[in-house]
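Let the hints inform the model, and build the full structure from the sequences given.
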Amino acid sequence: MSNLQIAALAYGFATLAYLAPTYIEGERVGGQWSAHRIVGLILCLFWPVLTAIVIYKAAAATSKPKLVFVDHAATPRHNAPNRRGD
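Residue numbers (numbering that gives the first Met the number 0): 0 to 85.
Derived by calculation from the structure, the hints in this document are not laboratory data.
Where is the CB? At the ideal position from N, CA and C, for every residue including glycine.
One or more hints might be untrue.
What the hints assert, rightly or not - Using C-beta positions, here's what the derived DEER-type ranges look like:
no.	residue 1	residue 2	range
1	Gly11	Trp32	33 to 43 Å
2	Ala51	Ala19	33 to 43 Å
3	Ala7	Ala72	51 to 61 Å
4	Ser33	Ala72	29 to 39 Å
5	Ala9	Val67	29 to 39 Å
6	Ser33	Gly11	22 to 32 Å
7	Ile52	Phe12	41 to 51 Å
8	Val28	Ala58	16 to 26 Å
9	Trp32	Asp70	43 to 53 Å
10	Asn2	His35	21 to 31 Å
11	Thr14	Tyr55	13 to 23 Å
12	Ala6	Val67	31 to 41 Å
13	Tyr10	Asp70	37 to 47 Å
Below, the structure is given as C-alpha coordinates:
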(Lines of atoms letter the chains of each structure in order from A; the text may use other names.)
(Lines give C-alpha, C1' and ligand atoms only; values in the text may rest on other atoms or scores of the structure.)
Protein backbone atom coordinates (compact mmCIF):
# COMPACT_ATOMS: atom_id res chain seq x y z
CA MET A 0 0.00 0.00 0.00
CA SER A 1 1.22 3.46 -0.79
CA ASN A 2 1.18 6.35 1.64
CA LEU A 3 -1.69 7.94 -0.27
CA GLN A 4 -3.78 4.79 0.07
CA ILE A 5 -3.05 4.59 3.78
CA ALA A 6 -3.98 8.26 4.22
CA ALA A 7 -7.21 7.75 2.26
CA LEU A 8 -8.06 4.71 4.38
CA ALA A 9 -7.41 6.62 7.60
CA TYR A 10 -9.50 9.54 6.34
CA GLY A 11 -12.30 7.14 5.42
CA PHE A 12 -12.31 5.62 8.90
CA ALA A 13 -12.31 9.06 10.51
CA THR A 14 -15.18 10.15 8.27
CA LEU A 15 -17.11 7.01 9.17
CA ALA A 16 -16.47 7.71 12.85
CA TYR A 17 -18.22 11.08 12.42
CA LEU A 18 -20.86 9.90 9.96
CA ALA A 19 -22.21 6.91 11.89
CA PRO A 20 -23.26 8.75 15.09
CA THR A 21 -24.79 11.55 13.02
CA TYR A 22 -26.85 9.08 11.01
CA ILE A 23 -27.92 7.16 14.12
CA GLU A 24 -28.93 10.39 15.87
CA GLY A 25 -31.09 11.32 12.87
CA GLU A 26 -32.79 7.93 12.97
CA ARG A 27 -33.52 8.22 16.69
CA VAL A 28 -35.10 11.64 16.27
CA GLY A 29 -37.55 10.39 13.69
CA GLY A 30 -35.66 9.48 10.58
CA GLN A 31 -37.06 12.28 8.42
CA TRP A 32 -34.73 13.27 5.57
CA SER A 33 -34.71 17.05 5.77
CA ALA A 34 -32.24 19.42 4.16
CA HIS A 35 -30.56 19.98 7.54
CA ARG A 36 -29.98 16.27 8.02
CA ILE A 37 -28.51 15.86 4.55
CA VAL A 38 -26.23 18.89 5.01
CA GLY A 39 -25.13 17.51 8.38
CA LEU A 40 -24.20 14.20 6.81
CA ILE A 41 -22.32 15.94 4.00
CA LEU A 42 -20.42 18.09 6.51
CA CYS A 43 -19.23 14.89 8.20
CA LEU A 44 -16.89 14.53 5.21
CA PHE A 45 -15.04 17.69 6.32
CA TRP A 46 -14.80 17.08 10.09
CA PRO A 47 -11.61 14.98 9.89
CA VAL A 48 -9.82 17.85 8.10
CA LEU A 49 -11.10 20.42 10.60
CA THR A 50 -10.10 18.22 13.53
CA ALA A 51 -6.59 17.79 12.13
CA ILE A 52 -6.26 21.55 11.62
CA VAL A 53 -7.34 22.32 15.19
CA ILE A 54 -4.93 19.73 16.61
CA TYR A 55 -2.09 21.07 14.45
CA LYS A 56 -2.78 24.70 15.42
CA ALA A 57 -2.94 23.79 19.11
CA ALA A 58 0.31 21.84 18.94
CA ALA A 59 2.12 24.56 16.96
CA ALA A 60 0.97 27.45 19.15
CA THR A 61 3.83 29.30 20.79
CA SER A 62 1.88 30.10 23.92
CA LYS A 63 -0.12 27.31 25.43
CA PRO A 64 -3.53 28.28 26.80
CA LYS A 65 -3.77 28.02 30.55
CA LEU A 66 -7.02 26.90 32.04
CA VAL A 67 -7.67 28.50 35.38
CA PHE A 68 -10.51 27.26 37.49
CA VAL A 69 -11.56 29.53 40.32
CA ASP A 70 -13.70 28.34 43.18
CA HIS A 71 -15.37 31.51 44.39
CA ALA A 72 -16.52 29.79 47.57
CA ALA A 73 -12.89 29.11 48.56
CA THR A 74 -11.60 32.56 47.63
CA PRO A 75 -10.98 34.71 50.70
CA ARG A 76 -13.09 37.83 50.74
CA HIS A 77 -11.69 41.13 51.85
CA ASN A 78 -14.20 42.61 54.23
CA ALA A 79 -14.59 46.35 54.22
CA PRO A 80 -14.04 47.95 57.63
CA ASN A 81 -17.23 48.23 59.60
CA ARG A 82 -18.50 51.75 59.48
CA ARG A 83 -20.75 52.98 62.15
CA GLY A 84 -23.16 55.73 61.57
CA ASP A 85 -22.75 57.22 65.09
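Okay, the hints, checked on the actual structure:
{"no.": "1", "hint": "Gly11 / Trp32: 33 to 43 Å", "verdict": "23 Å, violated"}
{"no.": "2", "hint": "Ala51 / Ala19: 33 to 43 Å", "verdict": "19 Å, violated"}
{"no.": "3", "hint": "Ala7 / Ala72: 51 to 61 Å", "verdict": "52 Å, holds"}
{"no.": "4", "hint": "Ser33 / Ala72: 29 to 39 Å", "verdict": "46 Å, violated"}
{"no.": "5", "hint": "Ala9 / Val67: 29 to 39 Å", "verdict": "36 Å, holds"}
{"no.": "6", "hint": "Ser33 / Gly11: 22 to 32 Å", "verdict": "26 Å, holds"}
{"no.": "7", "hint": "Ile52 / Phe12: 41 to 51 Å", "verdict": "18 Å, violated"}
{"no.": "8", "hint": "Val28 / Ala58: 16 to 26 Å", "verdict": "36 Å, violated"}
{"no.": "9", "hint": "Trp32 / Asp70: 43 to 53 Å", "verdict": "47 Å, holds"}
{"no.": "10", "hint": "Asn2 / His35: 21 to 31 Å", "verdict": "37 Å, violated"}
{"no.": "11", "hint": "Thr14 / Tyr55: 13 to 23 Å", "verdict": "18 Å, holds"}
{"no.": "12", "hint": "Ala6 / Val67: 31 to 41 Å", "verdict": "38 Å, holds"}
{"no.": "13", "hint": "Tyr10 / Asp70: 37 to 47 Å", "verdict": "43 Å, holds"}
Taken one by one, the earlier hints fail for this structure at numbers 1, 2, 4, 7, 8 and 10, listed in ascending order.
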